[in-house]
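J.: The lines below spell out each chain.
2 protein chains.
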Amino acid sequence: MSENGALPLRGKVLTVDTMNANVKKVDYAVRGPIVQRAVQIEKELKEGVKKPFEEVIKANIGDAHAMGQRPITFFRQVIALCTYPQLLDDNKFPEDAKNRARRILQSCGGNSIGAYTTSQGIDCVRHDVASYIQRRDGGIPSDPDNIYLTTGASDGIVTILKLLTAGEGRTRTGVMISIPQYPLYSASIAELGAVQINYYLNEEKCWSLDISELQRSLHAAREHCNPRVLCIINPGNPTGQVQSRQCIEDVIRFAAKENLFLMADEVYQDNVYAEGCEFHSFKKVLFEMGPEYSSKVELASFHSTSKCYMGECGFRGGYMEVINMDPEVKAQLTKLVSVRLCPPAPGQALMDLVVNSPQPGEPSYQTFMKERTAVLSALAEKAKLTEEILNTVPGISCNPVQGAMYSFPRITLPERAINEAKAKGQAPDMFYCMKLLEESGICLVPGSGFGQREGTYHFRMTILPPTDKLKIMLNKLKEFHQKFTQQYS
Amino acid sequence: MSENGALPLRGKVLTVDTMNANVKKVDYAVRGPIVQRAVQIEKELKEGVKKPFEEVIKANIGDAHAMGQRPITFFRQVIALCTYPQLLDDNKFPEDAKNRARRILQSCGGNSIGAYTTSQGIDCVRHDVASYIQRRDGGIPSDPDNIYLTTGASDGIVTILKLLTAGEGRTRTGVMISIPQYPLYSASIAELGAVQINYYLNEEKCWSLDISELQRSLHAAREHCNPRVLCIINPGNPTGQVQSRQCIEDVIRFAAKENLFLMADEVYQDNVYAEGCEFHSFKKVLFEMGPEYSSKVELASFHSTSKCYMGECGFRGGYMEVINMDPEVKAQLTKLVSVRLCPPAPGQALMDLVVNSPQPGEPSYQTFMKERTAVLSALAEKAKLTEEILNTVPGISCNPVQGAMYSFPRITLPERAINEAKAKGQAPDMFYCMKLLEESGICLVPGSGFGQREGTYHFRMTILPPTDKLKIMLNKLKEFHQKFTQQYS
Chain P
863 MSENGALPLR GKVLTVDTMN ANVKKVDYAV RGPIVQRAVQ IEKELKEGVK
913 KPFEEVIKAN IGDAHAMGQR PITFFRQVIA LCTYPQLLDD NKFPEDAKNR
963 ARRILQSCGG NSIGAYTTSQ GIDCVRHDVA SYIQRRDGGI PSDPDNIYLT
1013 TGASDGIVTI LKLLTAGEGR TRTGVMISIP QYPLYSASIA ELGAVQINYY
1063 LNEEKCWSLD ISELQRSLHA AREHCNPRVL CIINPGNPTG QVQSRQCIED
1113 VIRFAAKENL FLMADEVYQD NVYAEGCEFH SFKKVLFEMG PEYSSKVELA
1163 SFHSTSKCYM GECGFRGGYM EVINMDPEVK AQLTKLVSVR LCPPAPGQAL
1213 MDLVVNSPQP GEPSYQTFMK ERTAVLSALA EKAKLTEEIL NTVPGISCNP
1263 VQGAMYSFPR ITLPERAINE AKAKGQAPDM FYCMKLLEES GICLVPGSGF
1313 GQREGTYHFR MTILPPTDKL KIMLNKLKEF HQKFTQQYS
Chain Y
863 MSENGALPLR GKVLTVDTMN ANVKKVDYAV RGPIVQRAVQ IEKELKEGVK
913 KPFEEVIKAN IGDAHAMGQR PITFFRQVIA LCTYPQLLDD NKFPEDAKNR
963 ARRILQSCGG NSIGAYTTSQ GIDCVRHDVA SYIQRRDGGI PSDPDNIYLT
1013 TGASDGIVTI LKLLTAGEGR TRTGVMISIP QYPLYSASIA ELGAVQINYY
1063 LNEEKCWSLD ISELQRSLHA AREHCNPRVL CIINPGNPTG QVQSRQCIED
1113 VIRFAAKENL FLMADEVYQD NVYAEGCEFH SFKKVLFEMG PEYSSKVELA
1163 SFHSTSKCYM GECGFRGGYM EVINMDPEVK AQLTKLVSVR LCPPAPGQAL
1213 MDLVVNSPQP GEPSYQTFMK ERTAVLSALA EKAKLTEEIL NTVPGISCNP
1263 VQGAMYSFPR ITLPERAINE AKAKGQAPDM FYCMKLLEES GICLVPGSGF
1313 GQREGTYHFR MTILPPTDKL KIMLNKLKEF HQKFTQQYS
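As they're listed, the protein sequences go chains P and Y. Residue numbers for the first sequence follow the working numbering, beginning at 863 and rising by one. Residue numbers for the second sequence follow the working numbering, beginning at 863 and rising by one.
For reference, chain P alone in the conformation it holds in the complex:
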């Protein structure tokens, strides 16, 4: 204080100039400026502002329930029972739901889902996850000690990236990610101060992954950093491709040869729609390649309650399985996750139900299967519909949506629009998507938020709106694109 007792005139302790520089570099397009504008527009509509549309359709994020998908009854029954165990005496709830709830509660401290769980996750849930993986992968063993429950898949991905980030300057950890990518990866890499290494998916071949491109990208990166991690999203986000077994084998061979840690983001493992496509887990392919690979290649694979047929994003449930992780590093991982105490227990319980769903003969089986199948067939239908309608629009070309929940069509933009965008300091596809939002209420994410080859433009659109609404949306988009093209030609 100065002598007269007044406080010295000083600025803020924390300003953009003095804050964490890595955080400033973080970008997250899925909830970026376009979504903020969408929220504003929704408010304006509520306040009675006139718009050329009546509602905002948010096709920017894979949020199934927000788009009207109903929760799976069995899952919610069990979570309600876990939350309020007095309902265990209620005969409105089926016995299998009660059994699941009792089993989960018995694994909780004080039989309460309000107790902290172990940091790695509830024991019985980790066992159920391991059994699920083993069944899914044709009997290849899975060890519950290798399972870590997480706060959504994002949490697991960031944790593994954190462990892997080391070195300075030219020895700094490089992380190979596909372009287009899901921006959690670029954001986490920026936050951790690791080096982002781009490898491009081949749009001409339905967003497939070429090993020669991996090789090119790796060699270029070795000039300036230490590439140690290869991230794969399969089925692809935002690009919706499903990788062939051969491709996965090639990727594993590449990782082994080049000494890369593999991170397999497999949160869309149930979302495979296209004929001839099938989900192959990296774990399964790795083990089928024999001990030379299965005893060597380090792999972390991620799953979540947020996608597939359940779409329970709000619960933030997830797991990861780590394979061939150095035991000392695993001890460090276990220590690291203990600082945050535990993932949310309701999310853990939900993850348990996903991997231990009703079985034939159990009272909830038929309803469960009916609900599950309905969601997945509707998604398959909408995937096809999206591709078909978009491809009728001159200037839009869309690869088949083989899996996941998104289309990522390429758009041709008139030179004049590109120039106007650049004059405004906007990415041309951001300019396009903003105009689309203002004129039609459709909220998409511009391709620039995911990365794309220089000079190409895209957007990501979820296939989640109900079929009738999706059709309306696609037709509005068609109209908009034609008008936009005319206006700027």
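Hints may be right or wrong, so weigh each one.
Because identical chains share one entry, a pair is satisfied inside a single copy or across any pair of copies.
Straight-line distance between alpha carbons at most 16 angstroms, and here's what the computed EDC-like set of lysine to aspartate or glutamate pairs gives [unchecked claim]: (1) Lys1192 <-> Asp889; (2) Lys1024 <-> Asp879; (3) Lys912 <-> Glu1300; (4) Lys1158 <-> Asp958.
Rather than coming from a laboratory, the hints here were simulated on the basis of the structure. Predicted model only: the values in this text are computed from it and were never measured.
Once you've looked at the hints, dock chain Y against the given chain P.
T.: Below, chain Y without anything else, positioned relative to chain P:
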């Protein structure tokens, strides 16, 4: 690959030598080696291994439900209703619970708690939090835009520390924390590569905070880093003190003078037991000090669903309020939290109920108040009991447990025990606590895990076990301490 196609013999990509060096420095005593041993012992007991005790009593962590505390009925009813809205037609549930659930669901995308929420948290919950703070602080306004819902308080604390961490070498951000401290702070500081600055609480004056000690600590730190943050835990963890209004005012004055960002960890705000003690929020005191302070001092304060009378740790609910944060930094904060999409929705809903609990005249009010009061009076009784019994033991001296959920008594250890511990490479109080665990099944955390003045020894013990069990535990501890002292004298 070598020419014959065999893979080169290489080690792991990720080893303790090549992993993130900051992560290696992380320590988290509350779930450290002693707890791992406790879990092992529990397994051994189950397998029939003979021990001098029948069960492990985990007094290492503030986990009320695990210690037998029952959830608040109203809270669980509302969460069950939100989870399984079919129950809204069930007349077993009171109308006020149904109204709360309906209100929360209306704020969720697709009326489902399974949808992502906005990254800052559900709108109506943030409004309710702001109203709560305003009521709590005698009408001082709170702006919902300054409220961020979090995944437990830990998440908020780490996020703010992350924003504040910048610079290199002598300009690296220094973070002042009390010693003893809650190890989330030291762990996060280590992980972020910030500089930990210790200020010591005054054990002789019931763990109070002396401004002269803050001054000493700050001046020493300025020699080697850039101190920018002052963290306070009130009521104190692990030390259980409740700060006086005067002390808080002095701390704020100090932060203003020295240009420090204040972080107030106030998760135990309802846990005040001692006569003459009262909880004062930093926010309230700051605003009562007038515009010279209230318009200037940057403050983040944290709350959680895990402590107080509810003890809902597993839900990972929490919030933070930021005051006087630079608007550009706030935009960066909002962007940063968006990368993780959103805090768990059930935890957000629970946070809402904590800040918007049943009111007089509502059907659940009486039961709620009865349950709340029962928990808080039992805790007050156990706080007193713990202090009293511990102080009857020669060689143990325990400050009054004025608040929070822990006692942190000082223990006198015989020279021979200290030497034996050192020979084993163990902290002497870790040696003591390990022996206690092996011989009596009581799991405590050694003082060395929280920090303490050189040459002093302590442990942290929760006051959460049910009264009868707590008495048994305290008497076992007494016996053990006497035996231990004899053995090593």
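J.: Tell me the numbers of any earlier hints that the structure contravenes, in ascending order.
T.: Structure breaks hint 4 only.
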